[in-house]
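> Here's the letter readout for the chains.
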Amino acid sequence: MIDPAFYVIQFLNGLASASNLFLIACGLTIIFGVTRIVNFAHGSFYMLGAYFAFTLTATIMPALGDALGFWLAIPVAAVGVGLFAVLMELLLLRRIYRSHELFQLLATFGVVLIVQDLVPAIWGPEELFGPRAPGFTSFVVILGFRFPEYQLVLIAAGPLVLGGLWLLFNRTRWGTLVRAATQDREMVGALGVNQSVLFTGVLFLGGALAGLAGALQMPVEPANPFMDINIIAEAFVVTVIGGMGNVLGAFLAALIIAQLQAFGILVFPEITLVLPFLVMALVLVVRPWGLLGTPEPMTGHGFAGDRPLKPLGRRAQLGLAALVAVLLLLPLGLGDYTEKLVLEVFVFALFAFSLNFIMGAGGMVSFGHAAYFGLGAYGAALAVKHLDFAMEPALLAAPLAAGAGALLFGWFVVRLSGVYLAMLTLAFAQIAWSTAFQWVELTGGDNGMIGIWPSAWASDVTVYYYLSLILCGAAIAFLWRASYAPFGYTLRAGRDSPLRCDAIGINLKRHQWLGFALAGTCAGLAGGVFVFSKGNVDPGALSIPTSVDALVMVLLGGIQTLTGPLLGAAAFHLLEAYILPLTDYWRAIVGLIIVVLVIAFPQGLAGFLRERLAGEESR
Amino acid sequence: MTVLDVSGLRKAFGGLTAVDEVSFGVEAGQLFAIIGPNGAGKTTCFNMVGGQLRPDRGSVRLAGRDITGEAPRRIWRLGVGRTFQVAATFGSMTVAENVQMAFLSHHGRLRALLPSARRLYREQALAVLERVGMAGQAERQCGLLAYGDIKRVELAIALAHQPKLLLMDEPTAGMAPRERIELMALTAGIVRESGISVLFTEHDMDVVFAHADRLLVLDRGRQVATGTPAEVRDDAEVQRIYLGGAGAEAAARQIEARAGEQLPGERAEGEAR
Ligand SMILES: Nc1ncnc2c1ncn2[C@@H]1O[C@H](COP(=O)(O)OP(=O)(O)OP(=O)(O)O)[C@@H](O)[C@H]1O
Ligand SMILES: [Mg+2]
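These protein sequence lines are chains W and A, in that order. If you're matching positions, the first sequence starts at 4 in the numbering used here and goes up one per residue. If you're matching positions, the second sequence starts at 174 in the numbering used here and goes up one per residue.
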């Protein structure tokens with residue numbers, strides 16, 4: 004039997020990690036409360052805090068002595084990260100406060116990608132072990148167990164910061180303003196000039212808190228280039244469970260999540276990665292705005308500059324026919340490598356098109372569309388590996404598996420809207436990813452599964468090229484048609500005005516659910532086709548970066564047109580194929596592309612072309 | 174026949190009682206107005222009748238059937254169309270498509286995946302748009318119209334399934350004075366010719382007293398008076414808290430203007446029979 008005292012120790016460990024989570028999540032939630040931006044880059048702030056602290060301690064500890072040097076380096080690192088956040092506010096966020104939440108989420112993710120390449124470029128790819136905290140290097144004995152003193156420092160940090168924030172928000176003019184702005188959106192507009200000062204200040208505060216969390220973590224965990232992604236998903240979970248914008252809620256949620264993990268690991272070590280997301284999904288179903296959050300008004304989620312859907316004109320029809328002819332003839336002039344590349348463009352075109360079916364038309368911003376692509380890929384691979392399916396039935400299993408997953412997840416997802424919906428899709432994708440990653444016996448874990456090849460008749464690249472063209476092309480044509488059909492219009496109606504839908508008898512949630520499932524099914528088909536072209540699958544297929552790739556394709560091509568996602572998929576995939584091997588900074592390049600698109604070309608390639616064409620015609 | 178029967182309706186938001194014990198009935202073919210100062214609880218009343226809000230207490234009956242707390246889409250199916258204080262239309266669709274959506278929903282075609290939505294129920298949509306004077310702009314994008322025109326589109330959407338009852342929360346808010354009078358005259362015309370009942374609210378006393386058959390006055394959630402325009406005008410409490418000054422003048426003007434006509438309430442009832 005386990006010593007009961009061990010549970011006490013585990014509880015204390017839980018408190019220490021709750022502090023860490025809270026320090027990150029409170030900044031995230033404060034920034035969201037005032038600016039309404041969900042800041043993906045908050046994980047980057049955390050990571051930078053650790054790296055800054057590492058460099059600072061290395062320089063000032065020798066100069067000022069260990070104790071003073073260390074305890075000075077921590078706050079200075081926090082301030083440094085705060086200043087980085089201010090820079091981001093001035094250069095980027097300031098331009099997108101009025102943009103659609105999709106653009107805001109993506110723009111901050113662009114910063115994540117840039118920082119991810121900057122950090123190894125500056126500090127190298129290795130883990131960096133910082134010094135231990137002077138004065139707290141030893142153990143205390145609690146109920147016979149040795150417990151690191153520094154953990155006690157961390158345990159104290161959370162409540163101390165909570166208290167400090169309480170004083171700030173209740174005892175200072177600036178803090179009162181922040182609180183008022185969080186509670187009353189109208190007020191922020193009425194602030195006028197003060198608004199930018201307020202927003203910049205909030206970014207500084209939030210950034211510094213995340214930096215503090217990262218700096219304080221240095222003696223416990225080496226600084227490494229994966230800290231950002233590992234922490235951001237959990238920080239999202241904590242803010243969403245607590246109620247976005249609510250600091251006390253974040254504190255409670257951090258406690259709940261950290262303790263569940265501390266004890267969950269004893270009972271079900273396999274589900275530790277999934278656990279926070281499961282809790283979040285459950286909380287959102289019962290309380291769609293989190294434990295202490297306040298409901299958002301029911302508004303549409305249309306994009307600025309949305310226009311009526313027009314049937315293809317004569318010119319576009321000719322263009323389309325020409326494109327199909329070229330695609331049919333292409334294998335005559337291409338080698339295997341390029342054929343494979345183009346075949347993958349079909350796959351990603353379907354993936355992006357299916358995403359845009361729910362996002363562009365339906366206004367449901369999915370940050371986890373890779374879940375359905377991956378479910379399709381894994382569905383096919385598992386069918387081959389564990390059920391001895393041939394390619395043909397496995398290609399049927401792919402969309403079915405993804406469709407079933409989308410039906411299940413979608414039921415929860417459509418109960419929310421806006422950023423909450425985006426967060427929940429992300430959570431579900433993480434659940435799928437964690438399952439693929441941790442359920443090693445079934446999925447092969449991190450290594451995935453290999454040797455999933457087409458049937459003999461389709462094993463020639465050219466044959467598989469045509470098969471992909473037919474499957475993906477048919478699915479795209481079907482979704483295209485559905486966009487013009489009453490079902491597509493119903494999704495658009497829900498995007499424009501849920502209130503009006505309800506008042507003309509439309510059961511919006513039901514239609515959004517079906518739309519979500521349909522898009523998931525099509526993404527699953529893309530995943531299935533993909534698996535047989537690659538011959539293998541790994542958890543990368545379900546990961547956040549894959550979801551973001553799809554979003555970038557849609558954004559690059561243009562959300563408001565049907566051709567956009569197709570163009571975007573082609574452009575993005577070809578860019579990736581030709582540029583990725585040449586550079587160590589591919590992620591930073593993608594990040595920059597995102598930022599430039601969001602700020603300068605929110606209408607995307609297709610939108611840009613459409614405007615040029617319209618301009619010519621009117622001349 | 175009583176189309177809408179509301180009794181003892183109540184709704185509180187936190188400590189604030191927005192609507193308190195409100196009861197009234199709307200007869201077939203009647204134009205029934207709820208008036209009251211800002212924050213009186215008019216929109217809250219509409220939302221409880223339309224299903225957007227669930228009442229804390231009281232009941233709403235539509236043609237004898239209890240619809241208290243039903244979802245808006247159910248209430249719509251039972252024959253209630255509505256417009257909102259801030260117009261709710263599909264901004265990215267054309268005017269015609271906005272109305273076609275209502276027809277698609279009415280005929281249960283929303284889940285069709287193959288036919289082209291633009292072609293379905295187009296004639297019917299154009300006919301409704303004709304009645305509100307918007308047929309000429311059927312191909313324009315709804316979100317880009319002048320606000321007054323958006324309100325007309327909203328009216329057309331609400332009329333599409335030939336409702337028994339129309340709920341209009343400030344149908345002329347945000348319009349120029351001339352437009353207001355036109356739109357209300359148009360609505361009144363449609364109502365008289367098709368025999369539907371209307372529950373509406375309006376800040377413009379000229380509009381109210383020119384068209385309403387019966388009035389209900391709300392003040393801070395409380396039902397202050399109910400009756401014909403003349404009765405309400407003469408009510409001492411209404412005079413004190415609400416109508417004073419310009420409001421009273423408008424009431425007198427409009428009631429005089431209508432004195433020559435038949436009493437509208439009686440005429441409407443006569444037609445409905
Ligand atoms: N969802 C809500 N939550 C909290 N309070 C509300 C809510 N809706 C309305 N109220 C309050 O209830 C009261 C009545 O509001 P309501 O919108 O019904 O008034 P109204 O008569 O329509 O006013 P107006 O003429 O300005 O449209 C107001 O004090 C308002 O602030
Ligand atoms: Mg109102």
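Treat the hints with care, as some may be off.
As the list claims (entries may be wrong) - Across the chosen pairs, the derived CB separations fall in these ranges:
1. A:D229 - W:N450: 52 to 62 Å
2. W:K313 - A:Q335: 26 to 36 Å
3. W:L585 - A:P288: 46 to 56 Å
4. A:P288 - W:N539: 35 to 45 Å
5. W:A307 - A:G347: 19 to 29 Å
Think of the hints as simulated: they come from the structure by calculation, not from any bench. The beta-carbon is built from N, C-alpha and C at its ideal position, and this holds for glycine as well.
> Do the beta carbons of P288 (chain A) and N539 (chain W) sit within 35 to 45 Å of each other?
The hinted range 35 to 45 Å holds for P288 (chain A) and N539 (chain W), with Cβ atoms some 42 Å apart.
> Could you see if the CB distance from A307 (chain W) to G347 (chain A) stays within 19 to 29 Å?
holds, 21 Å
> Can you tell me whether the CB distance of L585 (chain W) to P288 (chain A) sits inside 46 to 56 Å?
holds, 49 Å
> Do the beta carbons of K313 (chain W) and Q335 (chain A) sit within 26 to 36 Å of each other?
Holds: the Cβ-Cβ distance is about 30 Å, inside 26 to 36 Å.
> Within 52 to 62 Å: is that where the Cβ-Cβ distance between D229 (chain A) and N450 (chain W) falls?
Between D229 (chain A) and N450 (chain W), where Cβ atoms are some 59 Å apart, the hint holds.
Violation of the numbered hints given earlier is absent; every hint is satisfied by the structure.
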